[in-house]
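K.L.:
Starting from the given sequences, assemble the full structure and let the hints guide the process.
Just so you know, the protein sequences line up as chains A and B, in that order.
All the letters of the first sequence, read from the start, carry residue numbers 1 to 117 under my numbering.
All the letters of the second sequence, read from the start, carry residue numbers 1001 to 1254 under my numbering.
Derived from the structure by calculation, the hints contain no laboratory data.
Heads up, the beta-carbon is just placed ideally off N, CA and C, and yes, glycines get one too.
Some clues are possibly wrong.
Stated by the list, open to error - Rough simulated footprint, nothing fancy, chain B against chain A, three-plus residues with beta-carbon under 8 Å: (1) 6-18; (2) 27-37; (3) 82-96; (4) 101-108.
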Amino acid sequence: MNLAVQDGGLAPYLILVLFGFLPSEVWRWISFFVARGVNEGSELFIYARTVSSVLMVGVVGKLIFSPVGALAGVPLAARLGALAIGFAVFLLARRSVLAAVLGGEAAIVAAGWWWGN
Amino acid sequence: MAQTRIAEDGGLTSAERRGLFLEGARQALTGPAYFVAVALIGVGGLAKAAGFPPAAAFLSTLLIWAGPAQVLFFGAIAAKTALPAVAVTITLSSVRLMPMVLSILPMLRAPGTSRRSLFFATHFVAVTVWAESLRRLPDIDREKRLPFFFGFAIACIVMTAIFTQAGYYLTEALPTPLAVGILFLTPVYFLSTLVRAARAPVDWLAMAFGLALAPVTQAWVGGGFDLLALGLVGGTAAYVCGRFVTARRAEQAS
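P.N.:
Written as structure tokens, this is what we have:
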């Protein structure tokens, strides 16, 4: 079987389903069957939630400490500073996620303008 | 017959379910749907760079619905990686969906929920929907959660698919400050959502361990396994410490 995106026609879609969708989706299917025995508040439930949270913090850490693309052009101090500003706005706005995002974004866009031009 | 139908739908009338679905969609459209949508604009540009037809960008969001897997998929194909190797990379990156599904499905399950709806629900679990569900579902009556969840998740996925498609056409044209802003959206949004959703000591411990261990696993674990190692080692450590803290508190209280 020789599939290539350049073949055109249905080939790119077949590649998307076979090598993109299925390898990812299989975990959702497996989890569905594993989840049968898991109840809300059970220890396995709490453990799964904890592992997910750590993974997410890890992803955030990667994006901040070893960023790709345009974000790499902004110094680390500015990236951390923008996160801190986002957090400060979050607390000021009574724990509003939207406010945190807008505050942090305003800071990083300003930094991108300052260091990018 | 009529009775079984009601039982399957968790005892809600179709008008109630529609109302909950719309409320979920409305809440998603107050922020989360746009955050994940904007964060995935770049995926569209990658799809174009990898030589895919336009509809593939839209479809990748509907089908894969996991940002990192989509980035890896198009990025690896653009770099001429062999397709079986692409599949292995995607599988590795999507293992993290498993604990997410395991911590969402038990919240969605109510007496009489059909297994088919729950199976369908797993497809929508990805980081944004996971984090928002963790925070929003506990405040909703159990039998009302599933329709709310579908409204919320479908609003997110459709909005994101539209933005991925837009990204296919306009990525190169973005000025630097905007490109920086788009890349920064994921970290600032996910971090604040995590903080917002934290309830028990174990949630804060997860963040502390994640932050402390991320540089370690990144330096010591290679081959795309570092996040997986971080999740297992850091997650287990945070869980054990969390149990210890909870036990101590219970002891002091008694």
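K.L.:
None of the hints should be skipped; say for each whether it holds.
P.N.:
Do the hints match the structure? See the list:
With 8 residues carrying a beta carbon less than 8 Å from a beta carbon of chain B, the stretch 6-18 of chain A meets the three-residue requirement, and the given coverage holds. Counting residues of the stretch 27-37 of chain A whose C-beta lies closer than 8 Å to any C-beta of chain B gives 8; at least three are required, and the coverage claim holds. Note: the stretch 82-96 of chain A has 6 residues with beta-carbon separation from chain B under 8 Å; the three-residue rule is met and the coverage holds. With 4 residues having a Cβ less than 8 Å from any Cβ of chain B, the stretch 101-108 of chain A passes the three-residue criterion, so the hint holds.
Of the numbered hints listed earlier, not one is contradicted by the structure.
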